[in-house]
Amino acid sequence: MSFDPARYYRHDEIAALLRGFAEARPDLVTVEEIGRSHQGRAILVATLTNHATGPAESKSALWLDANIHAEELAGSTAALLVIDRLVTGHGRDPLATEVLDHHALHVCPRVSPDGAERALTDRRGRLRSSLRPYPLLDELPGLHPADVDGDGEVLQMRVPDELGPWRVSERDPRLMVQRRPGDRGGPFYRLTVEGLVRGPAEPGPVRVPPSPFGLDLNRNFPFEWAREGEGGARGGGPFPLSEPETRAVAEYLAARPTIVGANTLHTWSGAILRPSSTHPDAELPRADLRRYEALGALGTRLTGWPCLSTFHGFRAAHEPPIRGAFDDWCYEHLGVFAFTTELWSIGAAAGLPVDDVHRFLRERSEDEDLAILAWNDRVLDGAGFERWRSFPHPQLGPVEIGGWRTLFTWSNPPPALLPEVAAAAARFAIEQAALGPRLALDLRVETVGASPVGAPLRKLVAIVENRGWLPTQVVARPPAGERARGVTLTLETDAEVLLGRRRVELPPLAGISLLDDERVAEPVFFGGAEGGGPAVVEWLLRGAQAVTVEAASPRAGRVTRTI
Numbered sequence: 020m021s022f023d024p025a026r027y028y029r030h031d032e033i034a035a036l037l038r039g040f041a042e043a044r045p046d047l048v049t050v051e052e053i054g055r056s057h058q059g060r061a062i063l064v065a066t067l068t069n070h071a072t073g074p075a076e077s078k079s080a081l082w083l084d085a086n087i088h089a090e091e092l093a094g095s096t097a098a099l100l101v102i103d104r105l106v107t108g109h110g111r112d113p114l115a116t117e118v119l120d121h122h123a124l125h126v127c128p129r130v131s132p133d134g135a136e137r138a139l140t141d142r143r144g145r146l147r148s149s150l151r152p153y154p155l156l157d158e159l160p161g162l163h164p165a166d167v168d169g170d171g172e173v174l175q176m177r178v179p180d181e182l183g184p185w186r187v188s189e190r191d192p193r194l195m196v197q198r199r200p201g202d203r204g205g206p207f208y209r210l211t212v213e214g215l216v217r218g219p220a221e222p223g224p225v226r227v228p229p230s231p232f233g234l235d236l237n238r239n240f241p242f243e244w245a246r247e248g249e250g251g252a253r254g255g256g257p258f259p260l261s262e263p264e265t266r267a268v269a270e271y272l273a274a275r276p277t278i279v280g281a282n283t284l285h286t287w288s289g290a291i292l293r294p295s296s297t298h299p300d301a302e303l304p305r306a307d308l309r310r311y312e313a314l315g316a317l318g319t320r321l322t323g324w325p326c327l328s329t330f331h332g333f334r335a336a337h338e339p340p341i342r343g344a345f346d347d348w349c350y351e352h353l354g355v356f357a358f359t360t361e362l363w364s365i366g367a368a369a370g371l372p373v374d375d376v377h378r379f380l381r382e383r384s385e386d387e388d389l390a391i392l393a394w395n396d397r398v399l400d401g402a403g404f405e406r407w408r409s410f411p412h413p414q415l416g417p418v419e420i421g422g423w424r425t426l427f428t429w430s431n432p433p434p435a436l437l438p439e440v441a442a443a444a445a446r447f448a449i450e451q452a453a454l455g456p457r458l459a460l461d462l463r464v465e466t467v468g469a470s471p472v473g474a475p476l477r478k479l480v481a482i483v484e485n486r487g488w489l490p491t492q493v494v495a496r497p498p499a500g501e502r503a504r505g506v507t508l509t510l511e512t513d514a515e516v517l518l519g520r521r522r523v524e525l526p527p528l529a530g531i532s533l534l535d536d537e538r539v540a541e542p543v544f545f546g547g548a549e550g551g552g553p554a555v556v557e558w559l560l561r562g563a564q565a566v567t568v569e570a571a572s573p574r575a576g577r578v579t580r581t582i
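Once you know that position 498 of the sequence shown is 517 in the numbering used here, the rest is easy, because the numbers rise by one and skip nothing.
Calculated from the structure, these hints are not laboratory results. Here a beta-carbon is modelled for each residue, glycine too, at the ideal position from N, C-alpha and C. Some hints here could point you the wrong way.
[To be verified] Each computed SDA-like pair below joins lysine to any residue, with the alpha-carbon atoms no more than 25 Å apart:
#1 Lys478 to Thr512
#2 Lys478 to Gly519
#3 Lys478 to Asp461
#4 Lys478 to Leu462
#5 Lys478 to Gln414
#6 Lys478 to Arg521
#7 Lys478 to Arg577
#8 Lys478 to Leu525
#9 Lys478 to Thr425
#10 Lys478 to Val516
#11 Lys478 to Ala368
#12 Lys478 to Ala554
#13 Lys478 to Thr507
#14 Lys478 to Gly421
#15 Lys478 to Ala565
#16 Lys478 to Asp396
#17 Lys478 to Glu515
#18 Lys478 to Pro497
#19 Lys478 to Ala571
#20 Lys478 to Thr509
[What the hints assert, rightly or not] The calculated label-pair distances, taken between Cβ atoms and stated as ranges, are:
#21 Pro434 to Thr319: 32 to 38 Å
#22 Pro526 to Gly251: 40 to 46 Å
#23 Leu114 to Ala469: 27 to 33 Å
#24 Leu215 to Pro434: 27 to 33 Å
#25 Arg561 to Asp461: 18 to 24 Å
#26 Pro241 to Glu76: 57 to 63 Å
#27 Arg55 to Ala402: 32 to 38 Å
#28 Leu114 to Glu76: 19 to 25 Å
#29 Pro434 to Asp461: 47 to 53 Å
Based on the sequences and whatever the hints tell you, model everything.
Now the structure itself:
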């Protein structure tokens, strides 16, 4: 099947697309199953690199995933678009060729296949991540999502109640606004999900109990993981990596130290989030913060979405920190520059200045909501919002059913807008992949004379440099228990080595960015030599016929030359 960037794909279709890429270009793409979901669906990863220039494990790499949250489907299309652009662009597009010749990507288009399948096929209410019941194993009494009127959708209900906190907007009868102080006369309403009451009746307004599917896979990673309810934590699971989906991802990344960047694709906010979620920027190493800011600025230029610290810019000051997040774990435990890219903002699409993402999602004004309704009318011909209609609820009596069809309005872009949104995220991911460390090695030989036994004496010079943007050690603060390992040169030859060692340990090599050298921050007052540049190693050999030198780094990969 051919890839269409204006489509939302089922899981089997994604598997078919990945197999198709691998079959069409086995020199560039391999596909493997890295684990199974709670319901037994395969979690698939496509690895992309030009095998003619070396295997993936010999090059610095980017991890790209999507759809860890069930309803955030647009990221899967963006991940597939990255694969499509690299495969079709290799040999024609300079950036695609550079990325695949010198780097690698590991792309998991769908981390939570169970949740995505339900979102695409079964509209029985909202779902965060997984279909494994947690933390409640038994259903609580109350109003549960259900298609009461039989139209194939679960929308919202507004239930007349003189004590209700909502009223109809005077400017648009579709819009519900909060009841103001002094509002009298009504009508007033309670808003709830469309559904049916289960369990014993209770006095007062009907309540919506917590969902039995409370897991949030993006709170299940080990860094500063928290138990349910601890400090306001929700959805983290019974212990870190308790879920098969997160464990599969974590084991895959941990086994591949050449993964130096990560980008996890989400939706809802139109923003690029970076660590830390739990600590202020002042606690990050200055060099890492500067690199994060530079990478985030690149993302903003390519997508138009602001880059925000999760701690400072994506939560209210009174809210607890987000714990157990994937990008924090990547940075703190693996030493990887990781981002969470939120692909879509309905407010931005409607032309609103969404400067405060947190406020916009929770505290919009009536003018803002009216602007979004106007966008729906103009762009979707009104299809994103179902006008309220009366219905005789079998348990609650007269109600009105209607409201937003949220999946392809608030959660994801409508299919017609998906290609543009996916393309923005794809641009950032491909550029991020190109910025990893990249080892280059040059060998030079000079005959300097002959030994008394007649064998020639030759000087071998190895020049090794990092032509990537990131340094070979990647982050300034190595993960706990690790040291900042540099580059190892290994000499293999049949010659006698008169001067020099066959194994040479070099310090880490700076990248093009040089952001860990404070002296280059202000060129007007620059007062010292730049910290970058190649490392040079020399050997004196007698009687050499063939010489092989390998330059290897745990994070930057390896390169080999033979003369």
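Open item on the list: Of all the hints numbered above, which does this structure not satisfy? Sort the numbers upward.
Closed with: 5, 9, 11, 14, 16, 18, 21, 23 and 26
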